[in-house]
Amino acid sequence: MTGINRIITVLAVASAIIIGNVAPVSAAEFDRTVIPRVKYGGGGDWYTGPTSMPNLLKQASERLRLPTQGENIAVSISDPELFRYPMLFLTGHGQIRFSDYEVNILLNYLDNGGFLWVNDSYGIDRFIRREVRKLYPDREFELLPVEHAIFNMAYEFKEGLPKIHEHDGKPPAAYALFDKGRMKILYTFESDIGDGLEDAGVHPTDTPEIREKAMQMALNILAYVMMQ
Numbered sequence: 521m522t523g524i525n526r527i528i529t530v531l532a533v534a535s536a537i538i539i540g541n542v543a544p545v546s547a548a549e550f551d552r553t554v555i556p557r558v559k560y561g562g563g564g565d566w567y568t569g570p571t572s573m574p575n576l577l578k579q580a581s582e583r584l585r586l587p588t589q590g591e592n593i594a595v596s597i598s599d600p601e602l603f604r605y606p607m608l609f610l611t612g613h614g615q616i617r618f619s620d621y622e623v624n625i626l627l628n629y630l631d632n633g634g635f636l637w638v639n640d641s642y643g644i645d646r647f648i649r650r651e652v653r654k655l656y657p658d659r660e661f662e663l664l665p666v667e668h669a670i671f672n673m674a675y676e677f678k679e680g681l682p683k684i685h686e687h688d689g690k691p692p693a694a695y696a697l698f699d700k701g702r703m704k705i706l707y708t709f710e711s712d713i714g715d716g717l718e719d720a721g722v723h724p725t726d727t728p729e730i731r732e733k734a735m736q737m738a739l740n741i742l743a744y745v746m747m748q
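Each residue of the sequence shown is one higher than the last, beginning at 521 in this note's numbering.
Certain hints may be false.
[To be verified] Once the Cα atoms are required to be at most 30 Å apart in a straight line, the calculated DSBU-like pairs of lysine-lysine come out as: (1) K678 - K654; (2) K690 - K678; (3) K690 - K559; (4) K559 - K700; (5) K559 - K678; (6) K578 - K559; (7) K683 - K559; (8) K690 - K654; (9) K654 - K683; (10) K578 - K654; (11) K559 - K654; (12) K654 - K700.
[Unchecked claim] Now the in silico label distances, taken between C-beta atoms and shown as ranges: (13) E676 - S596: 33 to 39 Å; (14) D645 - G701: 23 to 29 Å; (15) S598 - G633: 17 to 23 Å; (16) R653 - P691: 33 to 39 Å; (17) F603 - A720: 22 to 28 Å; (18) R604 - T725: 24 to 30 Å; (19) R650 - S596: 16 to 22 Å; (20) N624 - Y567: 35 to 41 Å; (21) R604 - D699: 18 to 24 Å; (22) R585 - Q748: 24 to 30 Å; (23) N624 - T727: 39 to 45 Å.
Think of the hints as simulated: they come from the structure by calculation, not from any bench.
Everything numeric in this text was worked out from a predicted model, so none of it was measured.
Beta carbons: idealized from backbone N, C-alpha and C, even for Gly.
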C-alpha cells in the first residue's frame with residue numbers, strides 16, 4: 521500500500537469517528553469536514569486569502585477522498601458553533617488579540633480535542649506568541665524537526681516546511697504546542713502556505729510548482745490533524 525493510499529484508508533476511519541463525535545444539528549450540515557477561519561480582534565486582516573481553505577478542502581476531497589464542504593467560512597471564538605469544528609485556521613498580517621473571554625473559550629476548545637493551525641501571512645509572530653502565552657503560560661512552541669510525521673503523511677518533505685511566499689528572506693519553520701502528548705497548535709512561520717493555496721494568479725510569483733508544494737504540505741497538515 522502506497523503512502524497516500526494508506527492515508528486515504530486511515531482517514532476514512534478517522535473522519536467517521538470525528539463526525540460521529542460532533543454534536544448533531546442536522547445530518548446534512550455536519551457530515552463533511554469544514555475548516556473555518558478564525559475572526560479575531562486587534563486589527564489584523566483575519567479575512568485574507570478567502571480562497572485558500574475552499575481550495576484545500578476541494579483537493580482533500582479529490583486526493584484524500586475526505587468528505588468536505590469547500591466553503592470560505594469564518595467563525596468568531598465566542599460563537600457556539602466553534603466546538604463543532606475539529607480544526608480552525610487562523611491567518612493574517614499584523615496585530616492579533618484575544619479577550620480574556622475568548623482565551624477561556626479557545627482553551628476549552630483546544631483542551632477538548634480541537635486544533636488550531638496558525639498561518640503566518642507576515643508580521644504576526646510577536647502577536648501570536650503573546651496570545652498563545654495567555655492560553656498556555658507554562659508551555660512554549662517547539663520547533664518541529666524534519667523527521668516529524670507531519671512532513672511525511674501523504675507527501676514527503678525531507679527538508680521540513682517549504683518556503684512558499686517570500687517576504688524578508690528568513691527561513692520557514694514549523695512550531696507546535698503540545699499538551700499531554702497531543703499537538704494542539706501548529707504555527708507555520710515565514711512560509712505562508714495560505715498564500716500558496718489561493719487561486720492561481722492571486723500571487724503572480726507563486727508558480728504552479730510552488731502552489732503544489734503549498735497544497736501538499738497543507739494536505740499533510742490536515743491528514744495529521746485528522747489522524748492524531
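* Hint by hint, which ones does this structure get wrong, listed from lowest number up? -> Going through the list in order, the structure violates hints 1, 5, 10, 16, 17, 18, 20 and 22 and respects the others.
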